[in-house]
Amino acid sequence: MSRLRQVFEEGVLAPLVALLVALVAGDLLILAYGQAPGAVWSLLIEGTWGNAYGFGQVLYKATTLTCTGLAVAIGLRAGLFNIGGEGQLAAGGFGAAIMGLWLPSTTPALLAVPLCVGAACVAGGSVGLVPGVLKARFGAHEVIVTIMLNFIVLAFLNWIVSAHLAVPETLHTEGVRAGVLPRLSAMIPAFHGSAANWTLAVVLLAVGATWWFLFRTRSGYELRAVGQQPDAAEYGGIHVGQAWWRAMLMAGALAGLGGVNFVLGYKGYYEDGFAGGAGFLGIAVALVGRNHPVGVLLAALFFATLSQGGLAINALVPKQMVEVLQGIVILAVAMAVPEVRRLVRQAAGRATGRAR
Amino acid sequence: MILLFLAQTLRIAIPFLFAAAGGALSERAGIVALTLEGFMLGGAFGAVLGSYYGGSAWIGIAAGVSAGMALGAIHAVACIRFRADQVVTGVAINLFAVGVTRFFLDVAFQSSSNSPRVAGFGGEGLSALTALAANPLVWMGVAVMPVLAFVVARTTFGLRVRAVGEHPQAAASVGVPVTRVRYVAVVWSGILASLGGVYLALDQHQFTDNMTAGRGFIALAAVIFGRWHPVRAGIACLLFAAAETLQIQLQAAQVIPSQFVEMIPYLLTIIAVAGVVGRSRPPAALNQADA
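Going down the list, the sequences are from chains A and B. Its first residue numbered 0, the first sequence is counted upward by one per residue in numbering that gives the first Met the number 0. Its first residue numbered 0, the second sequence is counted upward by one per residue in numbering that gives the first Met the number 0.
Keep in mind that the hints were calculated from the coordinates and are not lab data. Everything numeric in this text was worked out from a predicted model, so none of it was measured. Check the hints yourself; a few may be wrong.
Unchecked claim - Label-pair ranges, simulated between beta-carbon atoms:
hint	chain 1	residue 1	chain 2	residue 2	range
1	A	V11	B	S55	27 to 35 Å
2	B	R153	A	A208	54 to 62 Å
3	B	P135	A	Q5	53 to 61 Å
4	A	P36	B	R116	18 to 26 Å
5	B	T154	A	L15	39 to 47 Å
6	B	N209	A	R341	30 to 38 Å
7	B	L266	A	L30	41 to 49 Å
8	B	P115	A	L15	39 to 47 Å
9	A	S104	B	S126	54 to 62 Å
From the three backbone atoms N, C-alpha and C, an ideal C-beta is built for every residue, glycine too.
Kindly generate the complete structure, drawing on both the sequences and the hints.
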């Protein structure tokens, strides 16, 4: 089998099948609501990729989703299921805001931005490190720990913001004094009003860095080896526990980076509940993106389009339709991936059987 | 005072008990129960639809249970027939349930926040205790864990569930229909967990957006904290409910911030899986689709 064909069959075919399923399910929902599918779909495209504002919003949403998607993908590459993206994302945003509030307003941007971004990564990374260490040290299952940790982190942030940091009558902090990232509309006026900002550039760098790390460095190789077969990796001299906590540390840092997008790029302050499910959607992004950094980026654009598209079609069908579709896409991809692999193998088995 | 405290604890515990029963059954059969939240939400919405259009709480129960059954069946097909990753399908079912209930809340009641008032159990003006006793779901909720414990420990079906969850190959080799047992267990887990949502909705006489608010995950925490044993999981549910009741009653006094009381179930669960106080070990074949 040629390499290209293998990539297509294992990476692209399953998401395509799932997309088709979702499209049909969407058609049925639209018909059930008494609208014409064609009109709704074209409205969805028009409202997202069809104008600069919509596209800017897609870019903004995709920025966060890329981060949370990478956080799940890097965990899965190490054989760990990181469901903690939601808490890591919120903690990252909080870290960025605290640093931005603490720095004097005279701090030059060249210093303030890296410090704030760093604070986001440290905060997200520490939340990620907890399940990593508990897994490496005690064998605690990371799925359980990350789920429970989400609630703990969100409750803690809710408390510290509402009790100590919030502007009275709100659930957000004061505006940060340093480290604000300019919006893209400052350079490209057509984006006016959309929240897309320079976090996008930082995140694109992170996508490249993640790719480089996973496929071009020794610890990236070790991480993937542990994910493929921990016992064999251990036998090959790799410290499995270390690979686990490193992977979770990086996952948390990447999800935390996503918090920068909202706090420094969009609002300029930390607001309770800003994560709003983007951490959980990261699971879908990683799944559709097949745990590859570039795939994650594309999948993030897809889910961001759906989410922004919901607002565009609200005139014809309830915007909640896209939430149903998101669920269906995830279910369909999750089912299609093992099914397609099985069918491809069966076909390959038959072909080689005949050749013999 | 103490009686009121116990009554309030029970009232909060009922949804946990139903959902945790569903969770224990599913996980003992080897299928991860991240879906409890979605099952509950589906049950709550079904109950309101049934009670609104059928005009009776009993029709509400039937409709809510059907919703839970349907969601359970979807989850079962996805992770048993298609061998999808159970954690992923669990997350998907939860997102799907939120989306579907929101979509049809808009379709049926033209609202994005809540349904109109529907019939529940018990008339107006009952005291807290009599209202509790007049609700058949309360009695079912109290009974569910002991009954499940009996089923799991003493019946053929229970033995098969345990076998399938611990060592499916061995179970298959002695003629246990592994796939069928898992299907039945997951669909039943949908039914049981949805009853928790049904209770919530009928108790509040309406559906509000995302009204389960993480209770499915508290139930999952109870299952894990109770080491996958129904009775212990039930005790964990009561414990978590008592903490919540205490928090509600102490709210005026502001002794501890409510957020820290909210953390208790999750902290205890992390401590339990980290094995600091006795290791809790999941069923051996949990999340292994390849039987």
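Consistency of the hints with the structure:
1. The hint said 27 to 35 Å for the Cβ distance between A/V11 and B/S55, and at roughly 51 Å that hint is violated.
2. For the pair B/R153 and A/A208, the supplied restraint of 54 to 62 Å holds, since their beta-carbon distance comes to about 57 Å.
3. At about 58 Å, the CB distance of B/P135 to A/Q5 agrees with the hint of 53 to 61 Å.
4. Between A/P36 and B/R116 the CB atoms are about 35 Å apart, so this pair departs from the stated range of 18 to 26 Å.
5. B/T154 and A/L15 have their C-beta atoms about 45 Å apart, which keeps the hinted 39 to 47 Å range intact.
6. The given range of 30 to 38 Å is respected by B/N209 and A/R341, whose C-beta atoms sit roughly 36 Å from each other.
7. At about 48 Å, the CB distance of B/L266 to A/L30 agrees with the hint of 41 to 49 Å.
8. Range check, B/P115 to A/L15: Cβ separation about 43 Å, and the 39 to 47 Å hint holds.
9. Between A/S104 and B/S126 the CB atoms are about 59 Å apart, so this pair conforms to the stated range of 54 to 62 Å.
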